[in-house]
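Student: Construct the complete structure from the given sequences, taking the supplied hints into account.
For the record, the sequence lines run as chains A and B.
So in the numbering used here, spot 57 of the first sequence is number 57, and the numbers just go up one at a time.
So in the numbering used here, spot 257 of the second sequence is number 257, and the numbers just go up one at a time.
Hint data in this document are derived by calculation from the structure and do not stem from the laboratory.
As the structure is a computational prediction, the values presented were derived from the model and not from experiment.
Glycine residues also receive a C-beta, built at the ideal position from the N, C-alpha and C atoms.
There could be a bad hint or two in this list.
[As the list claims (entries may be wrong)] Quick list of in silico lysine-lysine cross-link-like pairs, BS3-like style, CA-CA up to 25 Å:
| hint | chain 1 | residue 1 | chain 2 | residue 2 |
| --- | --- | --- | --- | --- |
| 1 | A | K33 | B | K213 |
| 2 | B | K106 | B | K149 |
| 3 | B | K149 | B | K181 |
| 4 | A | K97 | A | K83 |
| 5 | B | K284 | B | K267 |
| 6 | A | K112 | A | K127 |
| 7 | B | K212 | A | K33 |
| 8 | A | K33 | B | K178 |
| 9 | B | K178 | A | K29 |
| 10 | B | K81 | B | K106 |
| 11 | B | K181 | A | K33 |
| 12 | A | K33 | B | K182 |
| 13 | B | K182 | A | K29 |
[Stated by the list, open to error] Covered by chain B, according to a simulated footprint, are these stretches of chain A (three or more residues, beta-carbon under 8 Å):
| hint | region |
| --- | --- |
| 14 | 7-16 |
| 15 | 22-31 |
| 16 | 36-42 |
Residue strings, one per chain:
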Amino acid sequence: MEKLINDFSFGLFFWQAIILLILIVLMVKFAWKPIMNSIVAREEGISNALLAAENAKKDMLNLKSDNEKLLAEARAERDLMIKEAREIKEKMIADAKSEAQVQGAAMIESAKATIESEKNAAMAELKNQVSSLSLEIAETLLKGELSNKEAQTKLVEKMLGDAKLN
Amino acid sequence: MVISRKPLHVIATIAIAILPLFSFANVSNDSVKKEAHEVHVATDANHGEAAEPQDKKAKVDAYIQHHLQDSHDFTFFSDEKEGKHYGFSLPVILIDNGLKVFSSSKFHHGETVAEVDGNFYKLYHGKIYKTDTAGTISYDEHHHPTNAKPLDFSITKNVVSMLFTSALLLFMFIGLAKSYKKGPIPTGFGRVLEPLILFIRDEIAIPNIGEKKYRKFMGYLLTVFFLIWLLNLLGMTPLGINVTGNIAVTICLALFTYFITQFSANKDYWMHIFWMPGVPVPMKIILMPIEILGTLTKPFALLIRLFANITAGHVVIMSLIAMIFVGKNLAADLPISLGLTLFISIIEVLVAFLQAFIFTMLSSLFIGMAVQDHHHDDHH
Numbered sequence: 001m002e003k004l005i006n007d008f009s010f011g012l013f014f015w016q017a018i019i020l021l022i023l024i025v026l027m028v029k030f031a032w033k034p035i036m037n038s039i040v041a042r043e044e045g046i047s048n049a050l051l052a053a054e055n056a057k058k059d060m061l062n063l064k065s066d067n068e069k070l071l072a073e074a075r076a077e078r079d080l081m082i083k084e085a086r087e088i089k090e091k092m093i094a095d096a097k098s099e100a101q102v103q104g105a106a107m108i109e110s111a112k113a114t115i116e117s118e119k120n121a122a123m124a125e126l127k128n129q130v131s132s133l134s135l136e137i138a139e140t141l142l143k144g145e146l147s148n149k150e151a152q153t154k155l156v157e158k159m160l161g162d163a164k165l166n
Numbered sequence: 001m002v003i004s005r006k007p008l009h010v011i012a013t014i015a016i017a018i019l020p021l022f023s024f025a026n027v028s029n030d031s032v033k034k035e036a037h038e039v040h041v042a043t044d045a046n047h048g049e050a051a052e053p054q055d056k057k058a059k060v061d062a063y064i065q066h067h068l069q070d071s072h073d074f075t076f077f078s079d080e081k082e083g084k085h086y087g088f089s090l091p092v093i094l095i096d097n098g099l100k101v102f103s104s105s106k107f108h109h110g111e112t113v114a115e116v117d118g119n120f121y122k123l124y125h126g127k128i129y130k131t132d133t134a135g136t137i138s139y140d141e142h143h144h145p146t147n148a149k150p151l152d153f154s155i156t157k158n159v160v161s162m163l164f165t166s167a168l169l170l171f172m173f174i175g176l177a178k179s180y181k182k183g184p185i186p187t188g189f190g191r192v193l194e195p196l197i198l199f200i201r202d203e204i205a206i207p208n209i210g211e212k213k214y215r216k217f218m219g220y221l222l223t224v225f226f227l228i229w230l231l232n233l234l235g236m237t238p239l240g241i242n243v244t245g246n247i248a249v250t251i252c253l254a255l256f257t258y259f260i261t262q263f264s265a266n267k268d269y270w271m272h273i274f275w276m277p278g279v280p281v282p283m284k285i286i287l288m289p290i291e292i293l294g295t296l297t298k299p300f301a302l303l304i305r306l307f308a309n310i311t312a313g314h315v316v317i318m319s320l321i322a323m324i325f326v327g328k329n330l331a332a333d334l335p336i337s338l339g340l341t342l343f344i345s346i347i348e349v350l351v352a353f354l355q356a357f358i359f360t361m362l363s364s365l366f367i368g369m370a371v372q373d374h375h376h377d378d379h380h
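Tutor: Structure below.
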């Protein structure tokens, strides 16, 4: 210990302190600060780049899933549309069918009515024709019968004969 | 923390294993040492004298001691026979009735007395003492010089090393900072430095201080980590500098951590020191001095750990190399010495990093303890 104290040189201590102080100041100002700043800036740049790459990857994945979602949506929409179209088609067919039936029925009905009225008209005319024809026949018959006296009396006699029976 | 202890144990084990070598050297030297010094003082010119093995050991010991200490000149190697030292002198700055600035070459490596403005100074064991024209140094009974010591603010070897390291750090990291202007990824050497910065941030600062508050302390932690590491590594080079193994340097570093911790501490921290919540009042009174002492022992542990580890490493490596010179049988000693030195050197390179790591780690731990928000509902 005594030797250590004896070895201690105040001058050397003094110079060492001054040199160290100046060295620290100079190194901090001209070396460590720019070096540390550059290193930190570089590291930040690297981590930022990594982050950006990661984000881009995530975006890509999102985009991909978005695309898939869109595709699925489109597909679903298409299916829906096809289904709707099919339904519409079936409904149209059904509608058409029922309408046709109704229409047909109506047509048949009206045809029937027409036939009926035509028939009635024809019947009426026929009746008229028959009545006029029978009147004409009766007129001619009467004319013919009345001109033949003998036959007239015979008829009357016959009719009287029938009436006797009653 | 778990990782960090194991190599420490290894170092401690090795240091203890090698201890007998030193203690042997020291015991045999203690008597010789004085003799050697006296011889040294008396016959300063007689450098080239053929040395006996015992004298050699003392010389090795003195050399290691000398290396561990700070120095007023930067000597790479010296030629003892001719008394020549290869290196360069450094300025000496003394405060002794005014500022005195002169070159350390005036001391001639402690061999002569330097005269400045009518005052005489002598370099003795790395310290400057005021003396007379003849350069007499008087000793007390413990063989410590009693001469007056002027306040020494010299630009010593360690100060130069620190300035050099600081310049190197500024050059490296300002280069890195500039390379970010060209692009987000650094080029060239910056590719080595950036992971280290990230390591300090992700493994030390954020786990200990917290995600929100760490930014403020990054400057200190990074500077201290790289400064200590680089100084530790420079200590491994044959330049022979030992900055982080100097107690003054580690005290300064630990004090910085201490003051940063205390000044950034929040209310909870002081609350836990002076009036520990959740314990009875008598316990609070007992805990107060313990906690106050605790704040001081933390930086103390920091400074001793760094100092002891680096000093131990230097001593072990130098002693192993010295085996070549002390041993009698060169053919047998050389491979052992080289192999062991290589082995310890590899461990020391690891320790150089580890100690810088531990210092930064513990600093951030202490800071984290001072700034963290306590959630009383959760913890107590």
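Student: Each hint needs a verdict: does it hold in this structure or not?
Tutor: These are the hints, each one checked on the structure:
Taking the CA atoms of A/K33 and B/K213, the gap is about 15 Å. The hint holds against a cut of 25 Å. Only pairs whose Cα atoms come within 25 Å are accepted, and B/K106 paired with B/K149 is accepted, the gap being roughly 17 Å. Of the pairs offered as hints, the one joining B/K149 and B/K181 is violated, with about 52 Å between alpha carbons and a cut-off of 25 Å exceeded. The straight-line distance between the Cα atoms of A/K97 and A/K83 is roughly 21 Å, inside the 25 Å bound, and the hint therefore holds.
For a cut-off of 25 Å, the pair hint linking B/K284 to B/K267 stands: about 17 Å separates their Cα positions. Only pairs whose Cα atoms come within 25 Å are accepted, and A/K112 paired with A/K127 is accepted, the gap being roughly 22 Å. Simply put, B/K212 and A/K33 have alpha-carbon atoms about 17 Å apart, close enough for the 25 Å limit, and the pair holds. Among the hinted pairs, A/K33 with B/K178 is consistent with the structure: their alpha-carbon atoms are about 11 Å apart, no more than 25 Å.
A threshold of 25 Å between alpha carbons decides the hint, and for B/K178 with A/K29 the separation of about 13 Å falls inside it, so the pair holds. With a C-alpha separation of about 21 Å, the suggested pair B/K81 and B/K106 falls inside the 25 Å cut-off, and the hint holds. About 13 Å separates the Cα atoms of B/K181 and A/K33, which keeps this hinted pair within 25 Å; it holds. Distance check on the hinted pair: A/K33 and B/K182 sit about 16 Å apart at the alpha-carbon level, within 25 Å; holds.
About 19 Å separates the Cα atoms of B/K182 and A/K29, which keeps this hinted pair within 25 Å; it holds. Restraint check on the region 7-16 of chain A versus chain B: 10 residues with Cβ-Cβ distances below 8 Å, three needed, restraint holds. With a threshold of 8 Å between beta carbons, the proposed coverage of the region 22-31 of chain A by chain B holds, since 8 of its residues qualify and at least three are required. Coverage of a stretch by a chain is defined here by at least three residues with a beta carbon nearer than 8 Å to that chain's beta carbons; for the region 36-42 of chain A and chain B the count is 5, and the condition holds.
Against the hints set out earlier in the document, a violation occurs for number 3 only.
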